[in-house]
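Spelled out, the chains give:
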Amino acid sequence: MKTRIKELRARHNLTQEELARKVGVRRETIVFLEQGKYNPSLQLAHDVAVALKSKIDDVFVF
Amino acid sequence: MKHNECKRKKGISQRSIYLLLFAALVYLVAAYLGFFAPDADGKTVSVFVAVATAMVAVALVRAWQENRGEVLVDERTRLVQRVAVGYSWWFSYVLIAILLLANQFGGIRFEAENALSLVFFAMIASLIFFRFYLSRKEDLE
Chain A
0 MKTRIKELRA
10 RHNLTQEELA
20 RKVGVRRETI
30 VFLEQGKYNP
40 SLQLAHDVAV
50 ALKSKIDDVF
60 VF
Chain B
0 MKHNECKRKK
10 GISQRSIYLL
20 LFAALVYLVA
30 AYLGFFAPDA
40 DGKTVSVFVA
50 VATAMVAVAL
60 VRAWQENRGE
70 VLVDERTRLV
80 QRVAVGYSWW
90 FSYVLIAILL
100 LANQFGGIRF
110 EAENALSLVF
120 FAMIASLIFF
130 RFYLSRKEDL
140 E
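Each protein sequence line maps, in turn, to chains A and B. So the first sequence is numbered by numbering that gives the first Met the number 0: it starts at 0 and just counts up by one. So the second sequence is numbered by numbering that gives the first Met the number 0: it starts at 0 and just counts up by one.
Errors might be hidden in some of the hints.
Partial chain A-side listing against chain B, Cβ under 10 Å, derived [what the hints assert, rightly or not]:
{"no.": "1", "residue": "K1"}
{"no.": "2", "residue": "E27"}
{"no.": "3", "residue": "L32"}
None of these hints come from the bench; they were simulated from the model. Bear in mind that the values here come from a model prediction, so they are computed numbers and not experimental data. All C-beta atoms in this analysis are idealised placements derived from N, C-alpha and C, irrespective of residue type, glycine included.
Sequences are here, hints too, so could you generate the full structure?
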């Protein structure tokens, strides 16, 4: 699954570590999410979208 | 369950405290064996002390990380752990089957203590290996 996390994170000046702390996961999980190598739970997808001030559809490309 | 239920506030988790308490218990067993059980050899006592020391080291590292506010467990690590336990179970199952066949047809005689020790260490080692491997693997589905 493709994501726009990296792009949106850069737009909000967030590091992977900061985003990880915001949504309560390990930094590695953010790395895998950005690379599209991990399918998150709906809850995590929602939290990431909220942290990036976007909609889930804008963050995750289905 | 919320995915970030384990989100850390700074501070030591109960898990680390339980690990320290269990290590203290193992130290007590070692002390008992060393001082009050004349039949116990020094090697057994050393193993108990080594295990307890390893547990203390792990607990202290975890506590240090938790105290810094690091997230140690999240939904992905829980998924990795679940899958690794499953793989490790199957690995041990196959190992036991091989041991049984070797014992039955291969002409290799295993004593129960040796076979149990082998399976005991294989389970732990395979769990650690699969956890390491899967945590670096891509999607786990």
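Results for each hint:
no. : hint : result
1   : K1   : violated (13 Å)
2   : E27  : holds (7 Å)
3   : L32  : holds (9 Å)
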